[in-house]
Amino acid sequence: MVALKLDFRKAFDSIEWEALDLILEAKNFPSKWRQWIKNILDSGQTSVLLNGTPGKWINCKKGLRQGDPLSPYLFILVADALQQLLTSAAADGVFIHPISPSAPCPVLQYAHVNYP
Numbered sequence: 001m002v003a004l005k006l007d008f009r010k011a012f013d014s015i016e017w018e019a020l021d022l023i024l025e026a027k028n029f030p031s032k033w034r035q036w037i038k039n040i041l042d043s044g045q046t047s048v049l050l051n052g053t054p055g056k057w058i059n060c061k062k063g064l065r066q067g068d069p070l071s072p073y074l075f076i077l078v079a080d081a082l083q084q085l086l087t088s089a090a091a092d093g094v095f096i097h098p099i100s101p102s103a104p105c106p107v108l109q110y111a112h113v114n115y116p
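Read in order, the letters of the sequence shown correspond to residues 1 to 116 in the working numbering.
Do not rely on the hints blindly, as some may be mistaken.
[As the list claims (entries may be wrong)] DSS-like mimics (lysine-lysine), calculated; alpha carbons at most 30 Å apart, straight line:
1. Lys56 <-> Lys27
2. Lys10 <-> Lys56
3. Lys38 <-> Lys61
4. Lys10 <-> Lys61
5. Lys10 <-> Lys27
6. Lys10 <-> Lys62
7. Lys32 <-> Lys61
8. Lys38 <-> Lys27
9. Lys10 <-> Lys38
10. Lys38 <-> Lys62
11. Lys32 <-> Lys10
12. Lys62 <-> Lys27
[To be verified] Per label pair, the in silico range of CB-to-CB distance:
13. Gly93 <-> Ile58: 40 to 50 Å
14. Trp57 <-> Val94: 23 to 33 Å
15. Gly67 <-> Ile96: 40 to 50 Å
16. Gln109 <-> Gly55: 17 to 27 Å
Since the hints were made in silico from the structure, they are not lab data. We put the CB at the ideal spot given by N, CA and C, even for glycine.
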């Protein structure tokens, strides 16, 4: 039996932009729209605060922007692609249900949030 657990809080920051573009292409998003997304992602910069003083700007290379209203929707598209891959693998017999081989393999997606 195999259990796959992904921490979606960390996954949000590690989305590969090329993979996101391939997913958008597979879902028939127009090339102009995909280019807009690339431009938004490529323009991302961040800096590190050290004793309250910001350091040099660092160009982002992967991940989705925290606080950007578009980022959760892009992440949902990536999570949906993962769900479809796992469902397809189960249908092809790569995975089988540990209790009932004729039952579909369940896939649960969640994000745990710690509140102060």
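Now the hints, each set against the structure:
Taking the CA atoms of Lys56 and Lys27, the gap is about 37 Å. The hint is violated against a cut of 30 Å. Note on Lys10 and Lys56: the hinted pairing holds, with a Cα-Cα distance of about 24 Å set against a maximum of 30 Å. For the hint pairing Lys38 with Lys61, the CA-to-CA distance comes to about 11 Å; that is within 30 Å, so the pair holds. For the suggested pair Lys10 and Lys61, the alpha carbons sit about 15 Å apart, so the restraint of at most 30 Å is met.
Restraint check: the Cα-Cα separation between Lys10 and Lys27 comes to about 24 Å, which is no more than 30 Å; the hinted pair holds. For the hint linking Lys10 to Lys62, the alpha-carbon distance of about 12 Å falls within 30 Å, and the restraint holds. With a C-alpha separation of about 21 Å, the suggested pairing of Lys32 with Lys61 holds against the 30 Å cut-off. Pair hint Lys38 plus Lys27 holds up; C-alpha atoms about 16 Å apart against a cutoff of 30 Å.
As the CA atoms of Lys10 and Lys38 are separated by approximately 21 Å, the hinted pair is consistent with the 30 Å bound. A distance of roughly 11 Å separates the Cα atoms of Lys38 and Lys62; the hinted pair therefore holds under the 30 Å criterion. At roughly 29 Å between alpha-carbon atoms, Lys32 and Lys10 fall within 30 Å of each other, so this suggested pair holds. Distance check on the hinted pair: Lys62 and Lys27 sit about 21 Å apart at the alpha-carbon level, within 30 Å; holds.
Checking the proposed 40 to 50 Å range against Gly93 and Ile58 shows it holds: the Cβ atoms sit about 45 Å from each other. Checked against the hint of 23 to 33 Å, the pair Trp57 and Val94 fails, with Cβ atoms roughly 44 Å apart. For the pair Gly67 and Ile96, the beta carbons lie near 41 Å from each other, so the given range of 40 to 50 Å is met. Range check, Gln109 to Gly55: Cβ separation about 35 Å, and the 17 to 27 Å hint is violated.
Comparing the model with each numbered hint stated earlier shows that hints 1, 14, 16 do not hold.
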